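**Student:** So you can see what is in the structure, the chains are spelled out below.
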Amino acid sequence: MAVRKRSPKQNAAKKPARKTVTDATDKHTIGCIDQTARMVYDKVLEKAYPELRSPIRSLSNVGYDKQVGYLKLGGAVKTRTLSVNTVKSFAQALKVMHLSKEMIEQDTFATKREAYYVSKNWDDAKFNEQPESDTVMDDIEAMFSMHGVSREQLRFYPEEHGGAVAGKLVVIDRDPVSGKEIRIDCTQFGTGAYTIPHSVEHLGFETKAKFVLAIETGGMFQRLQAHGFWDTANCIIVSMSGVPTRATRRFIRRLSEAQKIPVYAFVDCDPYGISNIYRTLKVGSGNTAHLNQFFCVPHAKFLGVTPYDIDDYELPTHKLLDVDVKRARDALKNDPFFQAHKPWKAAIEKLIKGGVRAEQQALAKWGLNYVIDEYLPEKLKNTKAFLP
Amino acid sequence: MDSQSSLFGEEAVSTVPGRKTNTRVAKPVKAAESEARKSAAKQAAARGAKRTKRTKGSKGNKGNKGATKAHELAASAREISVSEFFAKNRHLLGFDSKRKALLTTVKEAVDNALDACEEAGILPDITVRIAPIKNKEDTFRVTVGDNGPGILEEQIELVFAKLLYGSKFHRLRQSRGQQGIGISAAGMYGQMTTGAPVTITSRIGSKHPAVRVKVRIDTTKNAPVRVRRDELEEWPLDHGTEVSIDLVGKHHRGRGSVEEYLGQVAVANPHVTIAYWAPDEKKPRLHDRATRKQPVQAKEIKPHPYGVELGTLMKMMKSTRSSRLAAFLQADFSRVSKKVADEICALAKIDPGARVRSLEHKSAEAVHLAIPKVKIMSPPTDCLSPIGEPLIQAGLQKEIGEAEFFVSRTRSPAVYRGNPFQIEVGVALGGDLNADSPVRLMRFANRVPLQHQPGACAITKAVTQVDWKGYGLQQPRGALPVGPVIFMVHIASAWVPFTSESKEAVASYSEILKELKLALQECGRHMQRFLNKRRRVADELKKRGYIDKYIPHIGQALRDILELDDKQTDKILIELRETLERSRKL
Chain U
0 MAVRKRSPKQ NAAKKPARKT VTDATDKHTI GCIDQTARMV YDKVLEKAYP ELRSPIRSLS
60 NVGYDKQVGY LKLGGAVKTR TLSVNTVKSF AQALKVMHLS KEMIEQDTFA TKREAYYVSK
120 NWDDAKFNEQ PESDTVMDDI EAMFSMHGVS REQLRFYPEE HGGAVAGKLV VIDRDPVSGK
180 EIRIDCTQFG TGAYTIPHSV EHLGFETKAK FVLAIETGGM FQRLQAHGFW DTANCIIVSM
240 SGVPTRATRR FIRRLSEAQK IPVYAFVDCD PYGISNIYRT LKVGSGNTAH LNQFFCVPHA
300 KFLGVTPYDI DDYELPTHKL LDVDVKRARD ALKNDPFFQA HKPWKAAIEK LIKGGVRAEQ
360 QALAKWGLNY VIDEYLPEKL KNTKAFLP
Chain G
0 MDSQSSLFGE EAVSTVPGRK TNTRVAKPVK AAESEARKSA AKQAAARGAK RTKRTKGSKG
60 NKGNKGATKA HELAASAREI SVSEFFAKNR HLLGFDSKRK ALLTTVKEAV DNALDACEEA
120 GILPDITVRI APIKNKEDTF RVTVGDNGPG ILEEQIELVF AKLLYGSKFH RLRQSRGQQG
180 IGISAAGMYG QMTTGAPVTI TSRIGSKHPA VRVKVRIDTT KNAPVRVRRD ELEEWPLDHG
240 TEVSIDLVGK HHRGRGSVEE YLGQVAVANP HVTIAYWAPD EKKPRLHDRA TRKQPVQAKE
300 IKPHPYGVEL GTLMKMMKST RSSRLAAFLQ ADFSRVSKKV ADEICALAKI DPGARVRSLE
360 HKSAEAVHLA IPKVKIMSPP TDCLSPIGEP LIQAGLQKEI GEAEFFVSRT RSPAVYRGNP
420 FQIEVGVALG GDLNADSPVR LMRFANRVPL QHQPGACAIT KAVTQVDWKG YGLQQPRGAL
480 PVGPVIFMVH IASAWVPFTS ESKEAVASYS EILKELKLAL QECGRHMQRF LNKRRRVADE
540 LKKRGYIDKY IPHIGQALRD ILELDDKQTD KILIELRETL ERSRKL
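Sequences listed follow chains U and G, in order. Quick note: the first sequence uses numbering that gives the first Met the number 0, first residue 0, plus one each step. Quick note: the second sequence uses numbering that gives the first Met the number 0, first residue 0, plus one each step.
Treat each hint with caution, since some may be false.
[Unchecked claim] Listed below are the simulated DSSO-like cross-link pairs for lysine-lysine, each with C-alpha atoms no more than 27 Å apart in a straight line:
id, chain 1, residue 1, chain 2, residue 2
1, G, Lys566, U, Lys42
2, G, Lys348, U, Lys46
3, U, Lys125, G, Lys570
Because the hints were derived from the structure by calculation, they are not lab data. What you are looking at is a predicted structure, and each value in this text was computed from that prediction instead of being measured.
Could you build the full structure based on these sequences and the hints that come with them?
**Tutor:** Structural data, given as structure tokens:
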């Protein structure tokens, strides 16, 4: 084993040359890393115990802020003081921060899994299992979120990519190898679609579309795309495939904010579609409240399918299961977002009372193209009536 | 006490059970009588057709008016001797297998030797030799010698060759032997398996010659037969006794072996020196004494009223020297004052001045029922001789060798059924002991190791019932705890309640179980304190290791992020180490 081990020095020799960091965001991130390290350094010289501070990431420290429009971490802060008990994770946190700085300077990135493998060079400070490195990374992520720095900006990318996009949009990306600018026209994918990348921070947008339609299922996305709905309605359609990933949420957020266009959600009418998919898109999730400031779309609105649509459009239904009812009641009782919005309370209560759910595709009862010809246009005529 | 008298004293010795049944049932209804006869007849038939036939033949005249079935059966009944009884029931005394026979023989001889030395106030030097007898398979000569007071010549044969002859049965005092069966039973076993007599050599003082006697046991008469007598001109000791028995047995090592037994004797009797020559070994294994302090002589006490049974009470009433009931209660029991005696009599509604010997069965019963209702002081405890906490530790230490921690507890005396008893526990932990197997449990009753039937014993029960997880040991459900620990548990009592005659397990009286658990828990608490401290020290060392392990990484990371030079980095490392070590205290 010892024979094949490479020393850190050899490793350093193989590193690509450092590039000058010009990007303002990257400069800010590096500044934060340096500042944190400097604080530790100064404390040590003062013969005091250095500290790392991060917000407490638990549901007790999560609230819904109507002003900013997403689930937000409260003010509770956890201080990790360097002691004999924490010396290992302290060392690892600093190591990970250094890795992050290195990656920014070399303009590269690592997935969580890759970062875990990189740590194998760190001798005693290496991570034995990925959950260990995930915990340390989550802590750092939370720590830097206080300075407005996201995990992607620290160059730790999630494994999963985003959803599919089609419509009147040009995405401005760059070639990952040459760095040359690329313009991607999302109308030019034929029957396919543009896939949102892991990190969307560097993307630019050009569009004249009037709104973004975020769709729960791939099936509905295909139908709208096949009939050129984005063309007739002058919009951008995004497939979320269930609960939207971080990249999807960030993409919609950046797109809609940059171009100042509204976002409408089109999901199944059931507790999962409402309290999981839509809620996560709009205000983020409680588990990752420290991320929500980046990964949510606070101005998104709920187009449908609403509990009222079930009656209005005489949709075929399925009975709500016990888990569905439980989920709905839980949303009413514990979810600060639904508690803050009376129309949602009423809608969910109606859903529970009706005891049934309806899927997006249930509209096909009136014909396969009914959704394009009748339902969506009718809904879009009165966007003010959308649920918040 | 009663279990002995019923087993060997009355029924078994006097008559065949069948006849007894008949006389007892003869009084009530006729139907029952004939029933009883039928069953008796069946029993007789089962006992052996041969004997019945002979009886019939000798009578000859079937038509005789007086010759009933009862006559017939009566003729077949005859007295059996205790020794005969033993010959058929040797498992009751611990001679059921070859291995066990060898151990039991050594054990009985050593117990007797130790009791004799202690009573005479002599520090015991015991020698044990087991030598194979040439050309005979599984046959050994067991020789046990002591430096005790010796035995008068006229008593030698009785001590070693008559069952139920002893000095210890009729008194209430803590001693190893109780019944006077052990050593003569061993001799009888030897005689039965090899045909050889028992050889005893004894000397009572330097001015007396040593006498060597060979004795045989007449099993039908339970009487000794002297085969040979020699006077020895030279004998190495001024006083002492040596007994030598040839027997069929099997020698082994490990669990339940003579070796283990002697080791445990040395633990519980730190004032004893034992030299043991195992078969085919030239050098003896020596267990040196750890103290020259003799155990305190236990005093003899009278029975306590709470423990007495009706039959015993009646027997005592018949044989007492007092003439009045109240006087009898005061004189023959411990802790009975005039007030207590009067109270018992009042509750039994019998005149305290009644003539005790003429009281009927009914009155005895009334007295027996009245006793538990009267508050009587616990029995005196000077009949007990515990080992004592320091000597328990000394004994464990010298026999076990390396262990990290010792603790011992001697509880105050307590009482079960009117019998005083005292529990002692010693614990040795760590060192060379095996950490992954169940703890080793050494059980002792009146300083005698108990090596068999651990499952039936109150001591084992108490150890398994204590929750050792709370004291830092692992413990499978309903089993002995696991860990590098030896427990030595001692019960001292004037009358240890054994579950059988072979004295292998202590009966589970609730008072005894309670005391056992309390003693074990007390030791457990000390053990836990030790374990906790050891764990803290180990943790601390591990954490100090963390400092060495991870501080360089903190320095490295800070150097890389902040682009420090070597001097700055070194300073960081030094400061950080100082700061962290300041926070630790060991």
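**Student:** Each hint: holds or not?
**Tutor:** Hint check results:
no., hint, result
1, G:Lys566 to U:Lys42, "holds (17 Å)"
2, G:Lys348 to U:Lys46, "violated (90 Å)"
3, U:Lys125 to G:Lys570, "holds (24 Å)"
Comparing the model with each earlier hint shows a violation of hint 2 alone; every other hint is respected.
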